[in-house]
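Visitor: Sequence:
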Amino acid sequence: MSVVKIIEVIASSDKSFDDAVNNALKEASKSVKNIKSIYVKDMNANVENNQIVSYAVNAKISFTLQEKAEH
1 MSVVKIIEVI ASSDKSFDDA VNNALKEASK SVKNIKSIYV KDMNANVENN QIVSYAVNAK
61 ISFTLQEKAE H
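Quick note: the sequence shown, position 20, residue 20 per the UniProt record's numbering, numbers continuous.
What you were told as hints is all true, and nothing was included just to trick you.
Think about it this way: if two alpha-carbon atoms lie no more than 25 angstroms apart in a straight line, the pair counts; the simulated DSS-like pairs of lysine-lysine are:
#	residue 1	residue 2
1	K60	K36
2	K5	K41
3	K33	K5
4	K60	K30
5	K26	K36
6	K26	K5
7	K30	K5
8	K41	K60
9	K41	K26
10	K5	K36
11	K60	K26
12	K30	K15
13	K60	K33
14	K15	K26
15	K5	K60
16	K15	K60
17	K41	K15
18	K30	K41
Because the hints were derived from the structure by calculation, they are not lab data.
Whole structure, please, built from the sequences with the hints as guidance.
Guide: Laid out in structure tokens, this is it:
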């Protein structure tokens with residue numbers, strides 16, 4: 001039996017939306033194993049003087065839980 005769990009994370013970047021998504025995945029992978037997918041729920045950008053200064057994503061990361069060995 002396999003169980004999938006989902007966490008929601010917010011990540012940002014001063015480069016691009018792609019970089020923000022990669023930052024979300026990189027940070028989540030430090031504490032979560034068996035990541036299977038990432039779904040970008042929302043994207044937004046902060047603007048100053050008519051220029052984008054940062055990109056942010058709200059993402060859902062799914063991963064499988066490891067099964068415990070039965071004795």
